[in-house]
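Colleague: These protein sequence lines are chains D and B, in that order. The numbering of the first sequence is the numbering used here, which starts it at 1 and goes up by one. The numbering of the second sequence is the numbering used here, which starts it at 1 and goes up by one.
Worth flagging that the hints you see were computed from the coordinates, not collected in a lab. The beta carbon of each residue, even a glycine, is placed where N, CA and C say it ideally should be. A couple of the hints might just be wrong.
As the list claims (entries may be wrong) - The calculated lysine to any residue pairs, modelled on SDA-like cross-linking and capped at a C-alpha distance of 25 Å, are:
id : chain 1 : residue 1 : chain 2 : residue 2
1  : B       : K24       : B       : G218
2  : D       : K145      : B       : K52
3  : D       : K189      : B       : P11
4  : D       : K287      : B       : K223
5  : D       : K145      : B       : A149
6  : B       : K223      : D       : K325
7  : B       : K52       : B       : K223
Unchecked claim - Among chain D residues calculated to face chain B with C-beta under 7 Å, some are:
id : residue
8  : Q11
9  : D66
10 : A68
11 : K103
12 : S151
13 : F152
14 : D184
15 : D185
16 : Q187
17 : K189
18 : R191
19 : D209
20 : S304
21 : V308
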Amino acid sequence: MAQGVWTIAEQREGEIRKVTYEVISEGRRLADALGQELTVVLLGSNIKEKAAEFGHYGADKVIVADDARLEPYTTDAYVSVISQLAKADQPAVILLGASVQGKDLAARLSASLDVAMAQDCTAFSVENGNLVAIRPIYAGKAYAKVTYENSFPQIATARPNVMTMNAPDTSKTAQVIDASFSLDDSQIKTRVVEVIKDETGKVDLTEADKIVAGGRGVKNAEGFKVLEDLADAIGASVGASRSAVDEGWRGHADQVGQTGKVVSPNLYIACGISGAIQHMAGMSTSKVVVAINKDPDAAIFQKSDYGVVGDLFELVPALTEEAKKFA
Amino acid sequence: MNIIVCLKQVPDTEAQIKIASDGKSIMAGDIKWIMNPYDEYGVEEALRLKEKFGGEVTVVGLGPKRVTDSIRTALAMGADKGILIVDDAAEGSDSNAVAKALAAAIKGIPYDIIFAGQRGVDEDLGVVGSSVAELLGIPSICLVEKLEAAADGKSVKANRLVEGQTLVIEAALPVLITTQKGLNEPRYASLPGIMKAKKKPLEEKNLSALGLNPAEFGAGARKLKVVELKSPPERAAGKIIDGDSPQAKAAELARLLHDEAKAI
Ligand SMILES: Cc1cc2nc3c(=O)[nH]c(=O)nc-3n(C[C@H](O)[C@H](O)[C@H](O)COP(=O)(O)OP(=O)(O)OC[C@H]3O[C@@H](n4cnc5c(N)ncnc54)[C@H](O)[C@@H]3O)c2cc1C
Ligand SMILES: Nc1ncnc2c1ncn2[C@@H]1O[C@H](COP(=O)(O)O)[C@@H](O)[C@H]1O
């Protein structure tokens, strides 16, 4: 009988990623609702010292798989190890962060275990002893409530920035267990040959707390300078509509929308963006939406908490100055 | 180099999504169906590889008869043949089942690279590609925005964008790649292409023809059940901020974001 909640930690170069703590916190709530234990699974190289502190966020146990080949994430190595561990321990639930890595891992893990998986969920609950997940579909044009049918472990990924993180309780530490697994080199068929770092130092849009986004109204690549300044003043990342990306003003990693990134910041400031359905789809779960547009009839005003009608080249620099007063 | 492109048909991204009276599905009524935009990148990349290395591009889709149109579009772009897995019993299958059927169909065809979209812009799952790879026992590289095949056609290097960095990943063929925006600019089908596509082979197969048990497919066999669909919470009509000058408006906005929304 499947028992216990697992969350999979995410590390990069030995540093634990924030989404890990969000997922542990949510895992704790689910474990409590099920009356079961919460175990975190941590894969990496020389990573064990990071494990006990997961207890601060509610983990009872941490299973650590330590192997030099697990330091860079590769789909094949991670799936092989986690699926062995899951087959041995038979957890009821496995929760991951819906980061690029988490989504990739969850998808392939679910196939390897031949079980169902709910991707990029925004809420979880327990009904009749089973996991229930809410997932936005059609990039947020509808919300689906999904359940698992005779399929254990129940695997899901949680959208970054959505789950409430527990306040760390440093008096609690988790029991650390060494994983027993085997990993054969022949199983690792992909190799990370290079890592190209993004030099902007900005938080990725999917994880950003604040986003300043620009559209065709920004007029050209240089126009984004005023958005960058505002972003710097308030600690935001910069996003773009597809039009701005298609024009080549921004890289495609910056595109927000149905065929771009789905984002969930606390604050989303849309500048010179008309509010097309495909754009709104990608940012509809933002908490506070601000629209700056010179057309008073722009559709985006219907979907924003605050709207300012006017020229973004006047308004955005003025807002930057005003925002600095609160910094 | 033989290449397979998985092709999913999805509602046009313009489509208003309305929830049907059963509260569990969307109203299919006036939806216009298109090729999943990420699969367009797959078709394009496959064609570019074929132009370089020769070989054949096969498009594989599972779904109702209407999927034929999207497969024909891919053939018109330049793909060589199509396979449509069409079976009433497969209607309403979840991704686990879809992946099984696709893997069964692909097994019978020689392949070096398989393309799938990073996600369908319908249910935004992004599982079928990885699952097909797992079932076929080949590596998968997801969210690829740049692909380079070695001159000997035996391995690939793929750029994969993760949060804040790009990973360059190498794998020997065969491999499954899921596509991300930026990989290429998909071509349009030319008029002669459209004419030629009409004569290209498009084979239909049902589940039993693939050696599969229809009882393991369809809505009844779903492991992930949609029990309810809801419209997203509506954002109440917002406040339009007035002021005599851009400075005055900006000051009022900043004040509201700080005091009321507590967002800055
Ligand atoms: C298959 C498909 C997928 C798509 N996916 C996406 C997606 O993922 N993301 C996405 O964003 N779009 C997507 N789109 C495109 C979408 O339909 C719109 O075309 C796009 O979002 C429009 O971008 P925009 O708002 O920047 O440009 P426009 O619609 O041209 O709007 C520009 C706005 O700027 C305002 N403006 C101009 N000058 C100023 C100024 N000086 N100050 C203030 N305001 C000004 C104008 O009033 C206007 O409202 C997709 C489309 C398709 C068909
Ligand atoms: N029914 C299907 N037929 C063919 N390919 C599919 C099907 N469903 C999913 N795929 C492939 O898997 C990708 C991701 O889809 P999904 O996992 O459903 O989000 C799609 O872009 C297709 O390449």
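Colleague: Could you run down the list of hints and mark each one as holding or not?
Modeller: For each hint, the structure was consulted:
A distance of roughly 15 Å separates the Cα atoms of K24(B) and G218(B); the hinted pair therefore holds under the 25 Å criterion. Distance restraint check for K145(D) and K52(B): the Cα-Cα separation of roughly 46 Å exceeds the 25 Å cut-off, and the hinted pair is therefore not satisfied. Between K189(D) and P11(B) the CA atoms are separated by roughly 35 Å; this puts the pair beyond 25 Å, and the hint is violated. Between K287(D) and K223(B), the direct Cα distance comes to roughly 32 Å. Violation of the 25 Å bound is thereby established for this hinted pair.
Using a Cα cut-off of 25 Å, the hinted pair K145(D) and A149(B) is violated, with the two alpha carbons roughly 41 Å apart. The straight-line distance between the Cα atoms of K223(B) and K325(D) is roughly 53 Å, outside the 25 Å bound, and the hint therefore fails. Between the alpha carbons of K52(B) and K223(B) the distance comes to roughly 42 Å, so the proposed pair goes past 25 Å and is violated. At about 13 Å, the closest approach between the beta carbon of Q11(D) and any beta carbon in chain B exceeds 7 Å, and the interface hint on this residue is violated.
A cut of 7 Å between beta carbons decides the hint on D66(D): the least distance to chain B is about 22 Å, and the hint is violated. Annotation: A68(D) was flagged as interfacial toward chain B, and the flag is violated, the nearest CB pair being 18 Å apart, outside 7 Å. Hint status for K103(D): holds, given a least beta-carbon distance of 6 Å to chain B, under 7 Å. Interface hint status for S151(D): upheld, as the beta-carbon distance to the closest one in chain B is roughly 4 Å, under 7 Å.
Annotation: F152(D) was flagged as interfacial toward chain B, and the flag is violated, the nearest CB pair being 10 Å apart, outside 7 Å. Look at D184(D): its Cβ only gets to about 14 Å from chain B, farther than 7 Å, so that hint breaks. The beta carbon of D185(D) comes no nearer than 13 Å to any beta carbon in chain B, farther than 7 Å, and the hint placing it at the interface is violated. Interface restraint check: Q187(D) against chain B, minimum CB-CB distance 10 Å, threshold 7 Å, status violated.
At about 4 Å, the closest approach between the beta carbon of K189(D) and any beta carbon in chain B falls short of 7 Å, and the interface hint on this residue holds. Using the Cβ-Cβ criterion of 7 Å, the hint placing R191(D) at the interface with chain B is satisfied: the shortest such distance is roughly 5 Å. Interface hint status for D209(D): violated, as the beta-carbon distance to the closest one in chain B is roughly 9 Å, over 7 Å. Satisfaction of the interface hint for S304(D) is found here, the shortest Cβ-Cβ separation to chain B being roughly 4 Å, below the 7 Å cut-off.
Interface hint at V308(D): satisfied, since its Cβ lies 5 Å from the closest Cβ of chain B, which is below the 7 Å cut-off.
Hint violations for this structure: numbers 2, 3, 4, 5, 6, 7, 8, 9, 10, 13, 14, 15, 16 and 19, all remaining hints satisfied.
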